[in-house]
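Student: The residues making up each chain are set out below.
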Amino acid sequence: MAEEVILLDFWPSPFGMRVRIALAEKGIKYEYKEENFDNKSQLLLKANPVHKQIPVLIHNGKAVCESTIILEYIDEVWKHKSPLLPSDAYERAHARFWADYVDKKIYSNGRKLLMSKGEEQETAKKDWIECFKVLEGELKDKPYFAGQSLGLVDVGLIPFYLWFHTVETLANFSMEAECPKIVGWAKRCMDNDSVSNTLPDYHKVHEFLLGLKKKFGVK
Amino acid sequence: MAEEVILLDYWASPFGTRVRIALAEKGIKYEYKEENLDEKSKLLLEANPVYKQIPVLIHNGKVVCESTIILEYIDEVWKDKSPLLPCHPYERAQARFWADYIDKKIYSNSVKLLRSKGEEQETAKKDWIECFKALEGELGEKPYFGGQSLGIVDVGLVPFYLWFNTFETLANFSMGTECPKIVDWGKRCMDNDSVSKTLQDEHKIHEILVEYM
Chain A
1 MAEEVILLDF
11 WPSPFGMRVR
21 IALAEKGIKY
31 EYKEENFDNK
41 SQLLLKANPV
51 HKQIPVLIHN
61 GKAVCESTII
71 LEYIDEVWKH
81 KSPLLPSDAY
91 ERAHARFWAD
101 YVDKKIYSNG
111 RKLLMSKGEE
121 QETAKKDWIE
131 CFKVLEGELK
141 DKPYFAGQSL
151 GLVDVGLIPF
161 YLWFHTVETL
171 ANFSMEAECP
181 KIVGWAKRCM
191 DNDSVSNTLP
201 DYHKVHEFLL
211 GLKKKFGVK
Chain B
1 MAEEVILLDY
11 WASPFGTRVR
21 IALAEKGIKY
31 EYKEENLDEK
41 SKLLLEANPV
51 YKQIPVLIHN
61 GKVVCESTII
71 LEYIDEVWKD
81 KSPLLPCHPY
91 ERAQARFWAD
101 YIDKKIYSNS
111 VKLLRSKGEE
121 QETAKKDWIE
131 CFKALEGELG
141 EKPYFGGQSL
151 GIVDVGLVPF
161 YLWFNTFETL
171 ANFSMGTECP
181 KIVDWGKRCM
191 DNDSVSKTLQ
201 DEHKIHEILV
211 EYM
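Just so you know, the protein sequences line up as chains A and B, in that order.
Per our numbering, residue 1 is the first one in the first sequence, and the count goes up by one each step.
Per our numbering, residue 1 is the first one in the second sequence, and the count goes up by one each step.
Derived by calculation from the structure, the hints in this document are not laboratory data.
Built from N, CA and C at the ideal position, the CB exists for glycine as well.
Worth double-checking, as some hints may not be accurate.
Unchecked claim - Some chain A residues near chain B, calculated using beta-carbon distances under 10 Å:
#1 57
#2 68
#3 72
#4 89
Claimed, not checked - Stretch-level coverage of chain A by chain B, calculated; a stretch enters the list once three of its residues show a Cβ under 8 Å from a Cβ in chain B:
#5 59–65
#6 96–106
#7 160–173
Chain A extracted, bound-state conformation (with noise of 0.2 Å):
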């Protein structure tokens, strides 16, 4: 049976792009439907009616929600390219740590970093950066968090290096001071064409984020 795979997406969402990254790591064709916020379209309200959000994968009519899940889909049906999961059950659940840390902290950090001004904005900054060193813990020498090549963890948080610039703009620091690792980990998952190729440009992303700013921050 061909395979028919839809992905139901917003293009600066960093959830969207994990999906985005996994489908271009284990090579499937996709269709790709841009959703667009202030006008959900009847197939996502359909396919998501718990959540009505972004991204959904639509596999052979089938829908599976929310990024992280979206990731283990894939990794188990297409299971013979690029093993976004180790093996051993230790490993797996290690992983599933810290994909499940990237989920709970980082996005909801750095949206109170854009959000605020003042001293909010200055407790957020150290937040996001109390983040990103622990996750620095976690990666220690290793070229990637799942080892030798890109996995759960890794395709989880580098959508997030494209909110860099804005943060340090914002916020007045520098993450190549504070956590030169994470720095050095992200542009070697650059080196890899399915983030490469899948990463919008990040002067398009500050300039969404901006604009989310101006519309929902703190004035």
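Take the given structure of chain A and dock chain B to it, following the hints.
Tutor: Quick look at chain B alone, frame taken from chain A:
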């Protein structure tokens, strides 16, 4: 090699309860270590330096944290008995989705309901009920979320069944009226030894919840 399984836990934690149920389902012998949350042990702080939270499973010296991740680990290591996840990737993704839904919604809505008053509590109550109605939609006519037997979603959700009475009294509503399928499901779960022998006495849980108000 003899298996050494240790669980760092707190008796009233719904997250710890999940792990205890899973270990019982799989018939795994383990050493239970009760943590004092006001004075966490060195073992806990070393085992889980990131969150410093229970539950933590220590299997042959290796540490696994976060209850849903622990459930998947248990399911993968002790895979020959009582599977918590189905085999098919799409079914697995669905189970993970609903386990994640519970993780995102139930505890945080519970805390809101417990600690708020007046209009804020009315909103929290509506949200709480709304979540369980969504879960009823997913359950459908199945005996369990996992189908014919307990799965990861059932194990993840059932510890909160003990909280129903407290919230009904607090916010003046009836889960039996609002979400009858969920109440039936809760009772059905209790027919399983792994659940009934693990879940705490409801009155003791009620006392603890009252302390959190």
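Student: Hints first: check each against the structure and report whether it holds.
Tutor: Status of each hint after checking the structure:
no.: 1; hint: 57; in the structure: holds, 9 Å
no.: 2; hint: 68; in the structure: holds, 8 Å
no.: 3; hint: 72; in the structure: holds, 7 Å
no.: 4; hint: 89; in the structure: holds, 4 Å
no.: 5; hint: 59–65; in the structure: holds (count 4)
no.: 6; hint: 96–106; in the structure: holds (count 4)
no.: 7; hint: 160–173; in the structure: violated (count 0)
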